[in-house]
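**Q** One letter stands for each residue in the lines below.
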Amino acid sequence: MVVLPTGAGKTHVACLAIDDRRRSTLVLAPTLDLVRQWYDVLRATFGVPVGVIGGGDYGVEALTVSTYDSAYLHMEHLGDKFGLLVFDECHHLPGPAYALAARAAVAPFRLGLTATPERADGRHADFDELCGPIVYRKDIVDLSGGYLAPYETVRLTVELGPDDRRAHDEARALYRDFIARNGIRMSSPSGWSDFIIRSSRSDDGRRAMAAYRKQREIAFAAPAKLDYVGLLLDRHREDRVLLFTQDNATAYALSRRFLIPIITHETRVRERSEILAGLARGPGNGYGAVVTSKVLNEGVDIPAANVAVVVSGSASVREHVQRLGRILRAQAGKHALLYELVTVNTAETFTSARRRDHSAYR
Amino acid sequence: MLTAELVGARRRGGELRLTPTDDVRRERIATLAVALTARARAEVGNLRDDVEEALRQTATALEEGGERRLGAAVGKLVRDGLRFEETAGETATGLRRELFTQAAAARRSAGLAPFDRAAFLDGFARAHATTAPALEAALYADRPGAQRLLAVEVPAPALLAAGFEISEAQAVLLRATKIVAEVEANDAALYRRLFRSLKFLRLLPVITRLEKRPGYRVEMDGPLSLFQGGGRYGLSLALALPAIAACDRWTLDADVRWGADRRPLRFRLAGETSAAIATPGDALPDELATFVAAFERAASGWQIDRAPAILDLPGAGLCVPDLCFVRTDGGARVYFELLGFWSREAVFRRIDLVRAGLPHKILFAASKSLRVGETLLDDAPSAALYVFTRVLNVRTILDHLERIAA
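Protein chains in written order, with this note's numbering: chain A, 1 to 362; chain B, 1001 to 1406.
Bound-form chain A, shown alone:
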């Protein structure tokens, strides 16, 4: 397994490995966007027909690219056909269905590629069995300023207004009281599922779940935070800005308020391609900013983007590192900048601290 940040050349490593082993090769990627990117690279690099499995295609060649989902569905027929497997974004691999695809294949040679191997569920321990141990690792800080654009991260804190503060604190107290009374430890691996199960069994629980959601919504979309986004968009009016949110509601609110395009799971493929092309052209005759919830977290190549604003997010280190990775692809004169907006004295303070627990943020 090779661990390299986004933009550092993982695809190039895979091409070298394919050339070195000279075996029939199946490349697995998590999304159709990535399958298309791999198809283009393999065609251009090796000049041979490349098979595609997924998104309605089923073509098997000596070089074939597939989504993990399609490989899982077809591995009964594919498992004995390839000598080398390349697992792109291989942190997905230890999931039950995807792991099945790896186990059902006989390929003796396997290459896993990722920027973020660690999994919150601890299943990264399965990598050894599924695709082998980490043999090479470089993190963002090792490559920044060379293979990757130099970057800076800025953490900005905002305050809630008095009414929002009162509503937030009341909701948070109600939710905290419920989990304390029920002995739920949210920091334990089963804490969240315990909360979901217990909250569904009583009126008290359902009120606690509603309160949990309310205090999160207030923290995620605090008015002061959205005002700050306006200031940042004006400040970076010449740049290409990616705004990340934790939920679609906030993303749509930002799109409407600042009149910028949005990409969510609801966005059709054609519009999504147009939006990314518009961002590449920039604010002169395209777009200066795009807001998204989670769909651009990983994989999609957006070399022109140089500013990221994390308006809200989860506590996942992987998500936060992947979001930073979107703006780090090196270009002449590029200096990347990531802003993180945090509402103080809310759960976001803790969430932010957890997701920044990575060398890229130290």
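Errors might be hidden in some of the hints.
Calculated pairs, EDC-like style, for lysine to aspartate or glutamate (alpha carbon to alpha carbon, straight line, at most 20 angstroms) [said to hold, decoys possible]:
1) Lys-214/A to Glu-1053/B
2) Lys-214/A to Glu-274/A
3) Lys-1368/B to Asp-80/A
4) Lys-214/A to Asp-1399/B
Honestly, the hints are just simulated from the structure, not real lab data. Only a predicted model underlies this, so the values are computations on that prediction, with no experimental measurement involved.
Add chain B to chain A, keeping to what the hints say.
**A** For chain B alone, kept in the frame of chain A given last:
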């Protein structure tokens, strides 16, 4: 259709059992359906997001001790009967493209001044002979949540309650990897309808006659049922239930993987009165309908019978052809069954049937992904196996028909 989390079911040893639906529960379901349908009718003309919220609130208000799941389940069946407007996505997409591009340019050209959203929107609206509020409303009019409710086409509450147990069973079968059903019908047309429905769902059942009483045993599974993660065919298996339940007497025995841990459990169900539930009838699956259209465009000298007889070879099994080709000049008949890409085992069972002496001319079509060779039936004068890559080729099938009919 209900989903697994909406089903009241408990494990008993290695078996999964549904919460029994007695008359009291059925009456409660009907009461919930009446209230939720009435609320939905009151929401006609409103946006999907608002309709969904209104139904959620109504279900919560109607809750009686511990029946939240029941309310949510009835709500889901009511929501399945709501018809929303189809919005013209292209109009909203085009508006967004133009508005956002101009907004980016306006922000850039504002120099050091903050972007004035209101002024920009007013200017854009004037240039397009509309108003800023109208623009705001149109900007995301293509989102599903912004679609308006046009009509409420929910079954009558009593009918919804009567079919509730079947709906719950369907949700369980979404997690099925294998089903064995035994069916009895007083009218042969019910069997025909069942077998056609299974074909429409692209299921390739193994059908045999029951030994000690009239009726059939129908086995259905998918190739991945061998693997722990199997579940790919659950939807087709679930959709097969109404066709089974339409028979006069039936039992069903299913292997399901239930719960977060996908624990293997047995699920059993039986019925004695035929359920009045819609089935696909004699419709053809898309790939077959496309082929039939192409075949009928070609001047081939053959006509297609879309409802051929079921071929029975006592002691060996049944074959349910999809089509029968009938030669226009002499009346020669060649049956046709599409074996698709599902089950390699099904291909070998058909070959066994031919070798056991199936007294009909027949052509089977199997996908290349099943890894079977056309030579398997080289020694059969009245049958052939056509292995296709992606779509059924009219010319190749005609060649096979002429050879078999000769």
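**Q** If a hint holds in the structure, say so; if it doesn't, say that too.
**A** Against the structure, the hints come out as follows:
no. : hint                    : result
1   : Lys-214/A to Glu-1053/B : holds, 16 angstroms
2   : Lys-214/A to Glu-274/A  : violated, 35 angstroms
3   : Lys-1368/B to Asp-80/A  : holds, 16 angstroms
4   : Lys-214/A to Asp-1399/B : violated, 68 angstroms
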